[in-house]
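Engineer: Count the sequence shown with the UniProt record's numbering and you get residues 1 to 405, in order.
What the hints contain is simulated information worked out from the structure, not anything from laboratory work.
Be careful, since some hints might not be right.
As the list claims (entries may be wrong) - Simulated restraints, written as ranges between beta carbons of each label pair: (1) Lys182 - Val280: 33 to 41 Å; (2) Asp211 - Asp380: 51 to 59 Å; (3) Lys238 - Met123: 19 to 27 Å; (4) Arg242 - Gly374: 38 to 46 Å; (5) Asn335 - Asp292: 38 to 46 Å; (6) Phe279 - Lys213: 15 to 23 Å; (7) Arg134 - Lys247: 22 to 30 Å; (8) Ser224 - Gln354: 23 to 31 Å; (9) Asp380 - Phe279: 13 to 21 Å; (10) Pro226 - Arg312: 34 to 42 Å; (11) Lys213 - Val280: 49 to 57 Å.
To be verified - Pairs of lysine to aspartate or glutamate, DMTMM-like flavour, derived with a Cα cap of 20 Å: (12) Lys276 - Asp292; (13) Lys247 - Glu371; (14) Lys112 - Asp384; (15) Lys341 - Glu210; (16) Lys313 - Glu240; (17) Lys276 - Glu131; (18) Lys313 - Asp349; (19) Lys276 - Glu371; (20) Lys112 - Asp388; (21) Lys238 - Asp292; (22) Lys233 - Asp300; (23) Lys343 - Glu240; (24) Lys287 - Asp318; (25) Lys213 - Glu131; (26) Lys364 - Asp384; (27) Lys391 - Glu120; (28) Lys113 - Glu395; (29) Lys276 - Glu249; (30) Lys343 - Glu212; (31) Lys200 - Asp211; (32) Lys364 - Glu204; (33) Lys146 - Glu136; (34) Lys200 - Glu395; (35) Lys341 - Asp318; (36) Lys364 - Glu212; (37) Lys343 - Glu360; (38) Lys364 - Glu249; (39) Lys113 - Asp388; (40) Lys238 - Asp211.
Glycine included, every Cβ here is placed at the ideal spot set by N, Cα and C.
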Amino acid sequence: MAYVPRHKRHSKESAGPSPVPVSLSREFKKGLNFRSPKTNAHQSGNIVYANTATYRWLAVGLDADGDHLPSGVFLMPVSVKAVERRSGEKLLALGKSCMVNEEDESGQDHRKKPWEHIAETVMQDLVSSFEVVRSEINGPSFELIKPMLVARFGKNLFRGSPSFPVETCGAMVTEASLKRMKKTFYSNLPSFYMENVTHKVIPEIGLSFEDEKDIYHVKFCDNSRPGVTICCKCNVIKAEQRLELYKVELGQTRHMVVDVSCLNKDLDVRLMLRAKRLFVAISETEKNSIGDLITSAVLDSTAKGGLRWPLRKGFSGDRYRVIGAWHTVSTSYNNSSMRLKVKHANRHDFRYNQGQVTEEVTLKLNGITSELNGQSLGTDSVSDMLKDAVKMMWEHFLSCGTPVI
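All chains, full assembly: derive it from the sequences and hints.
Structural biologist: So this is what it looks like as structure tokens:
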């Protein structure tokens, strides 16, 4: 199915504006890298990171002097209500002065191209993170672990803090000041970008239509598994207007996240190594309890997340409780090395009564994942495939054509 315009969809909440500043320009080399000191037993429903998860932020575009951002690069305020409601903090995005000159993207012969620098930086983290995933796959487990390298497109947003008050934005920023700030990757994309990807980019990079899915996701907390979220994927039986469960998973675990601010592009990119965990054994009691919660859901196109539960029907005994609902309509395209998903998502978190409607693009790098699974890590073939993939993203996915703000 082709991209569905927003005005033809059913939802109470429309997507907010995507904070995309005017396009910028070339290569800031210093990345930030740290390992999470916390365990992965976060509160149920939150994003889970592995104990050894690696996070890195870097910026490319605009010539840099050593470890410092070039003059003319600054932080500017943006408004994204859905994110501000969750964090309670003001948001800032990197911008540049009109005095900053953009150069030929190909660069000089002695200078690394932006996609080469990104790929070489990511490769270091990818190898070490995949070693951890491989040890889990080969170890004893009650789950089937499926790793995947994915890319998402959006904007890196920095949160205002006492150490960097919003009032000072517009002044020149440094790598040190950005390092102290919290950051959010905002992946909601404007409609014209989604149209461009569907009608222009997909044919250009040689992807073919794979399938279209209309899926409801129901998220539960399980009191017998503290810190674990159970995610159920459901189809709709249209004749009966009810949900039918077809897959039960645990919440995904992130092993590597690399956020790249692309200073001479309209959008930024996030590269993630994440692991999906499928149940390989589930008792009849568990299956029945989860099934009862699924079948008691009421389809409601006016509700956030597309679902609601009658009074006292959102929990099962003292064990399971519904904490979130998603309704996603997605179209997938693929070739031998990648799978692209264009998605409209209506999400709602029942614990905080917060929801958001978004338009998203996710690129699964299946070829690289298969190569990592099948060979020794760090091989030249994986490195070359990663460089080619990042170059393709740089040339086709990071431009909107028209500034949004």
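Engineer: If a hint holds in the structure, say so; if it doesn't, say that too.
Structural biologist: Against the structure, the hints come out as follows:
no.: 1; hint: Lys182 - Val280: 33 to 41 Å; in the structure: holds (37 Å)
no.: 2; hint: Asp211 - Asp380: 51 to 59 Å; in the structure: violated (34 Å)
no.: 3; hint: Lys238 - Met123: 19 to 27 Å; in the structure: violated (46 Å)
no.: 4; hint: Arg242 - Gly374: 38 to 46 Å; in the structure: holds (42 Å)
no.: 5; hint: Asn335 - Asp292: 38 to 46 Å; in the structure: holds (41 Å)
no.: 6; hint: Phe279 - Lys213: 15 to 23 Å; in the structure: holds (20 Å)
no.: 7; hint: Arg134 - Lys247: 22 to 30 Å; in the structure: holds (24 Å)
no.: 8; hint: Ser224 - Gln354: 23 to 31 Å; in the structure: holds (26 Å)
no.: 9; hint: Asp380 - Phe279: 13 to 21 Å; in the structure: violated (37 Å)
no.: 10; hint: Pro226 - Arg312: 34 to 42 Å; in the structure: violated (24 Å)
no.: 11; hint: Lys213 - Val280: 49 to 57 Å; in the structure: violated (23 Å)
no.: 12; hint: Lys276 - Asp292; in the structure: violated (24 Å)
no.: 13; hint: Lys247 - Glu371; in the structure: violated (27 Å)
no.: 14; hint: Lys112 - Asp384; in the structure: holds (15 Å)
no.: 15; hint: Lys341 - Glu210; in the structure: holds (10 Å)
no.: 16; hint: Lys313 - Glu240; in the structure: holds (19 Å)
no.: 17; hint: Lys276 - Glu131; in the structure: holds (16 Å)
no.: 18; hint: Lys313 - Asp349; in the structure: holds (16 Å)
no.: 19; hint: Lys276 - Glu371; in the structure: holds (18 Å)
no.: 20; hint: Lys112 - Asp388; in the structure: holds (14 Å)
no.: 21; hint: Lys238 - Asp292; in the structure: holds (18 Å)
no.: 22; hint: Lys233 - Asp300; in the structure: holds (17 Å)
no.: 23; hint: Lys343 - Glu240; in the structure: violated (26 Å)
no.: 24; hint: Lys287 - Asp318; in the structure: holds (15 Å)
no.: 25; hint: Lys213 - Glu131; in the structure: violated (33 Å)
no.: 26; hint: Lys364 - Asp384; in the structure: holds (17 Å)
no.: 27; hint: Lys391 - Glu120; in the structure: holds (12 Å)
no.: 28; hint: Lys113 - Glu395; in the structure: holds (12 Å)
no.: 29; hint: Lys276 - Glu249; in the structure: holds (8 Å)
no.: 30; hint: Lys343 - Glu212; in the structure: holds (10 Å)
no.: 31; hint: Lys200 - Asp211; in the structure: holds (18 Å)
no.: 32; hint: Lys364 - Glu204; in the structure: holds (17 Å)
no.: 33; hint: Lys146 - Glu136; in the structure: holds (10 Å)
no.: 34; hint: Lys200 - Glu395; in the structure: holds (13 Å)
no.: 35; hint: Lys341 - Asp318; in the structure: violated (37 Å)
no.: 36; hint: Lys364 - Glu212; in the structure: holds (16 Å)
no.: 37; hint: Lys343 - Glu360; in the structure: holds (5 Å)
no.: 38; hint: Lys364 - Glu249; in the structure: holds (19 Å)
no.: 39; hint: Lys113 - Asp388; in the structure: holds (12 Å)
no.: 40; hint: Lys238 - Asp211; in the structure: holds (19 Å)
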